[in-house]
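Engineer: Mind docking chain D on chain R? Use the hints.
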Amino acid sequence: MRWLLLKDLQILRRSPLQALLLVAYPVLIAVLVGFAISRSPEKPRIAFLNEVPSDTRVSVGGQQLPAAGVSDRICSRVECVDVKDRAQARDEVESGEVLAAVILPSDLVDKINSLGTLTPGVPRVEVLVNEEDPVKAQLVNERISTLLAQANLAIARRIATEGGHYLNLLVNGGNLRVIGQTVNILGLRATAQILGALEPALPPGPLRASLREVTGFATQARDNLNIAGPLIDRIAQPIVVKKEAVSGSSPPLEIFAIAVAATLTLAFVTVLLVAGSLALEREENAFSRLTRGLVSPLALLGEKVLLGMVVGLVVTLVMLAGMQLFVPLQWSRIGLWLLAILAGGGALAAAGAALGAAAREVRAVSLLAFMVTLPVAFLSLIPSGAVGSGLYDLVRIVTAIFPFKPALEAMTAALDSAGPGIGGPLAHLAILIVAYGLLARFALRRFAAV
Amino acid sequence: MRARGLVKTYGSREALRGVDLAADPGELVAIIGPNGAGKTTLLSILAGIMKPDGGDVGIDGGAVGWVPQQAALYRRLTVEENLLLFARLEGHEDPRASTEEMLELAGLGERRGEIVARLSGGNQQRINIAIGLLSRPAVLLLDEPSVGLDPRQRARLWEFVSGLAGRGTTVIFSTHDIQEAERYGRRLLVLADGESLFDGPAEELREAVRREAPEAADRDFETAFVAYLQHRGH
Chain R
1 MRWLLLKDLQ
11 ILRRSPLQAL
21 LLVAYPVLIA
31 VLVGFAISRS
41 PEKPRIAFLN
51 EVPSDTRVSV
61 GGQQLPAAGV
71 SDRICSRVEC
81 VDVKDRAQAR
91 DEVESGEVLA
101 AVILPSDLVD
111 KINSLGTLTP
121 GVPRVEVLVN
131 EEDPVKAQLV
141 NERISTLLAQ
151 ANLAIARRIA
161 TEGGHYLNLL
171 VNGGNLRVIG
181 QTVNILGLRA
191 TAQILGALEP
201 ALPPGPLRAS
211 LREVTGFATQ
221 ARDNLNIAGP
231 LIDRIAQPIV
241 VKKEAVSGSS
251 PPLEIFAIAV
261 AATLTLAFVT
271 VLLVAGSLAL
281 EREENAFSRL
291 TRGLVSPLAL
301 LGEKVLLGMV
311 VGLVVTLVML
321 AGMQLFVPLQ
331 WSRIGLWLLA
341 ILAGGGALAA
351 AGAALGAAAR
361 EVRAVSLLAF
371 MVTLPVAFLS
381 LIPSGAVGSG
391 LYDLVRIVTA
401 IFPFKPALEA
411 MTAALDSAGP
421 GIGGPLAHLA
431 ILIVAYGLLA
441 RFALRRFAAV
Chain D
1 MRARGLVKTY
11 GSREALRGVD
21 LAADPGELVA
31 IIGPNGAGKT
41 TLLSILAGIM
51 KPDGGDVGID
61 GGAVGWVPQQ
71 AALYRRLTVE
81 ENLLLFARLE
91 GHEDPRASTE
101 EMLELAGLGE
111 RRGEIVARLS
121 GGNQQRINIA
131 IGLLSRPAVL
141 LLDEPSVGLD
151 PRQRARLWEF
161 VSGLAGRGTT
171 VIFSTHDIQE
181 AERYGRRLLV
191 LADGESLFDG
201 PAEELREAVR
211 REAPEAADRD
221 FETAFVAYLQ
231 HRGH
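These protein sequence lines map, in sequence, to chains R and D.
Every letter in the first sequence is one number past the one before it in the numbering used here, and letter 378, counting from 1, is 378.
Every letter in the second sequence is one number past the one before it in the numbering used here, and letter 176, counting from 1, is 176.
Fair warning: there could be bad hints in the mix.
Ranges between beta-carbon positions, derived for each pair [what the hints assert, rightly or not]:
#	chain 1	residue 1	chain 2	residue 2	range
1	R	298	D	148	27 to 35 Å
2	D	163	R	13	31 to 39 Å
3	D	163	R	375	41 to 49 Å
4	D	26	R	370	50 to 58 Å
5	R	13	D	176	34 to 42 Å
6	R	298	D	176	34 to 42 Å
7	R	27	D	61	33 to 41 Å
8	D	206	R	13	50 to 58 Å
9	D	206	R	21	32 to 40 Å
10	R	298	D	62	40 to 48 Å
A partial selection of chain R residues facing chain D, derived with a Cβ cut-off under 7 Å [as the list claims (entries may be wrong)]:
#	residue
11	7
12	123
13	285
14	289
15	294
Read the hints as simulated data drawn from the structure, not as lab findings.
Glycine residues also receive a C-beta, built at the ideal position from the N, C-alpha and C atoms.
Next up, chain R with everything else stripped away, as it sits in the complex:
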């Protein structure tokens, strides 16, 4: 078997384009994925025009809040490109230099302040977008909606905090600064205590009864407003999310991305190489000569699977080493990496051997390998809930039959120290190695026939 393996490696070395692809492909994947996961998402470029006078303040219950915080908040989430006027904002959007333009009109704060009066206005933020590209338009709409929701939430929180502060003053008393003067507020709690202390001093009669009613009202108001305090706090964000993972434990995104890149590399290299190499034995007319007592068909299949595992291991390790430039990897887990790569490579190589034995011609094999591997890889990345339950069951069956998904699970488990164990995926891969090995052996029975 070793001489056949040596022969296949010699042939591989003599095919510069094939060898180059085998090296270049994983390096390219590593660089692309590395850049994608090592850089934070690009902030969208937004032209920003703030026409609100700098000394304008948002008034909440007589308190003045600085308005400048709104623009700071927006510009912390997008890359703001300052423009001097509306014409420039429009030009920037039309030319595609920016995704959109956000204009805060000069009367924005006045309109916000009017919300607390009997003649409330409607505060408006102006947005200019370029909708020539539907995908881009959708992206802008989602970004702007998110930004406005966040701005509204921030204002609501600020108002709720101020409201809660005044409510606390009303219930418990304290000092309030009004137009530079400090005013002492007695508060409902102290009021009820004072009135309660006065009541025994009054003679029984209507006046005492009235005082008791006033004392009761003050006490009820205190108690109810105490309850209202937390309610006001919740106005800003009435619904909170309590998240509990009932199944699975997702790995960090960058680990998952590396596992996907490594498994894709392993899949394409092993399936294409093994399927092509087996078909080449037939195209070179060597299969009949080899299996005429020199090598058994099973040994030939074993050699091809071994070839796929060896080359897949080298190429995938090269790719992981490339990823190290972008994301630190736990090289102490290399034992598990090797296990995952070898098991995944073995199952993928066995599938490649079955494809090669079935298709028999190198060109047909290459086409078939792509047509099978690529869709199955995409199907394997579909999460539950993304499609209907019936369709997802079908996806699960398909992805369980082909080795890509268990290879991905094994790779993820090997890379992620906090993830689930690697035993399940390895057992799955072992079953697939045997199953595809048998299929390939069966297909070889008609392999040499014209």
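Structural biologist: Okay, now just chain D, sitting in the frame of chain R:
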């Protein structure tokens, strides 16, 4: 090598219908017949690649070397690498020495480092045969070895094959070229539609053709042979 009553069917089609064959050491036997006569099927059964549905094959010691019609070698390897690989797979104790021996025998010692794909069809066929000889066969089976070769390459090939027979190797080859069979075969086995029509020396075949197709006796041997096949119902 002895084969008796060989029968092979593909579905309802009978590829061989009770064919007998015998060949002695150093003998050159040509199996001749039109396309679809069963030549490759017969050689595949003699080589052990295919099992017959009836009959048996025996050989008095030694291995059987098999040289398929199309060169069965790796075109991206060099001449030497091909021979070395198959010598190793044959389990030779000193595969390098065997490789040297075959390079000399095939007359390709100076081209040992050349990639096979860059060699002519004739030279590829010589390596193909040399690989078949690595098992040191008592019997060498060649399936249409001269197909695709020009006259000069054919002449060199037959010189090489005749040399093997001269050293005691039994050579059984198939061809649909009657003149080639007559020139190089010491005995001819005529097959048509899986049936053995004749087994004997070329002179006896000429006699049989004259006898059974007298109207074509004055024509060239190939034309007379075709008339003979028609007289025999093929």
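Engineer: Tell me if the beta carbons of residue 206(D) and residue 13(R) are separated by a distance inside 50 to 58 Å.
Structural biologist: 54 Å, holds
Engineer: How does the Cβ-Cβ distance of residue 163(D) and residue 375(R) compare with 41 to 49 Å: does it lie in that range?
Structural biologist: 57 Å, violated
Engineer: Within 34 to 42 Å or not, the Cβ separation of residue 13(R) and residue 176(D)?
Structural biologist: For residue 176(D) against residue 13(R), whose Cβ atoms are near 40 Å apart, the range 34 to 42 Å holds.
Engineer: Between residue 27(R) and residue 61(D), does the C-beta distance stay in 33 to 41 Å?
Structural biologist: Cβ of residue 27(R) to Cβ of residue 61(D): about 57 Å, so the range 33 to 41 Å is violated.
Engineer: Mind checking the CB of residue 294(R) against every CB in chain D and telling me if the closest is under 7 Å?
Structural biologist: 4 Å, holds
Engineer: Under 7 Å, Cβ to Cβ, is where residue 123(R) needs to be relative to chain D, so tell me if that hint holds or is violated.
Structural biologist: Violated. Min distance 75 Å.
Engineer: Using the C-beta atoms of residue 298(R) and residue 62(D), is the stated range 40 to 48 Å upheld?
Structural biologist: 27 Å, violated
Engineer: Against the range 27 to 35 Å, how does the distance between the Cβ atoms of residue 298(R) and residue 148(D) compare: consistent or not?
Structural biologist: 34 Å, holds
Engineer: Hey, does the residue 7(R) contact hint survive, CB to chain D under 7 Å?
Structural biologist: At about 5 Å, which falls below the 7 Å cut-off, the nearest Cβ of chain D leaves the hint on residue 7(R) intact, so it holds.
Engineer: Identify whether the interface hint at residue 285(R) stands, where standing means a beta carbon of chain D within less than 7 Å of its own.
Structural biologist: 4 Å, holds
Engineer: Against chain D, is residue 289(R) within 7 Å by beta-carbon distance?
Structural biologist: 4 Å, holds
Engineer: I want to verify a distance hint. Is the separation of the beta carbons of residue 26(D) and residue 370(R) within 50 to 58 Å?
Structural biologist: 54 Å, holds
The structure does not agree with the numbered hints 3, 7, 9, 10, 12 stated previously, though it agrees with the rest.
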